[in-house]
Amino acid sequence: APGLRRRQVQMIAVGGAIGTGLFLGAGERLHKAGPSLVIVFAVTGLFAFFIARAMGELVMHRPSSGSFVSYSRELLGGEKAAYLAGWIYFLHWICSGIAEITAVAVYLHYWSAFRDIPQWTLAL
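What the sequence shown shows, in the numbering used here, is residues 93 to 216, in sequence order.
Pair ranges (Cβ atoms, derived):
| no. | residue 1 | residue 2 | range |
| --- | --- | --- | --- |
| 1 | Leu-200 | Ser-156 | 38 to 46 Å |
| 2 | Pro-94 | Lys-172 | 46 to 54 Å |
| 3 | Pro-210 | Gly-158 | 38 to 46 Å |
Cut-off 20 Å, straight-line C-alpha distance, at most; resulting in silico cross-link-like pairs (SDA-like, lysine to any residue):
| no. | residue 1 | residue 2 |
| --- | --- | --- |
| 4 | Lys-172 | Ser-162 |
| 5 | Lys-172 | Phe-160 |
| 6 | Lys-172 | Ser-159 |
| 7 | Lys-172 | Leu-183 |
| 8 | Lys-172 | His-184 |
| 9 | Lys-124 | Val-135 |
| 10 | Lys-172 | Val-161 |
| 11 | Lys-172 | Gly-158 |
| 12 | Lys-124 | Thr-136 |
| 13 | Lys-124 | Leu-114 |
| 14 | Lys-124 | Ala-195 |
| 15 | Lys-172 | Ser-156 |
| 16 | Lys-124 | Ala-134 |
| 17 | Lys-172 | Phe-182 |
Derived by calculation from the structure, the hints in this document are not laboratory data. Beta carbons: idealized from backbone N, C-alpha and C, even for Gly.
Whole structure, please, built from the sequences with the hints as guidance.
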């Protein structure tokens, strides 16, 4: 993309990382909660920052060829903890994928070209 500046490419990457589901849900939450939603996002963002820093420190202290599941195996009590962490992570991505597909169907249904089509068929 020779026509795009560096900042534009960064914003495209941020938009792709955040996902459409967050934008769809944030509008409804902002309507119901009001400006206090900014405080909630700041607090949860701070928690996510500290979790990412903790994972970074853990990686620097105990390098491992596995994912974070290998750290749960080492530090939380063996195979059962690793099994549980892996399946919870898998289910998290399943739910995130469903939310993203639903958000895309809602956005497509918004345009008049897709109004006659039931929204659930757009998600398929």
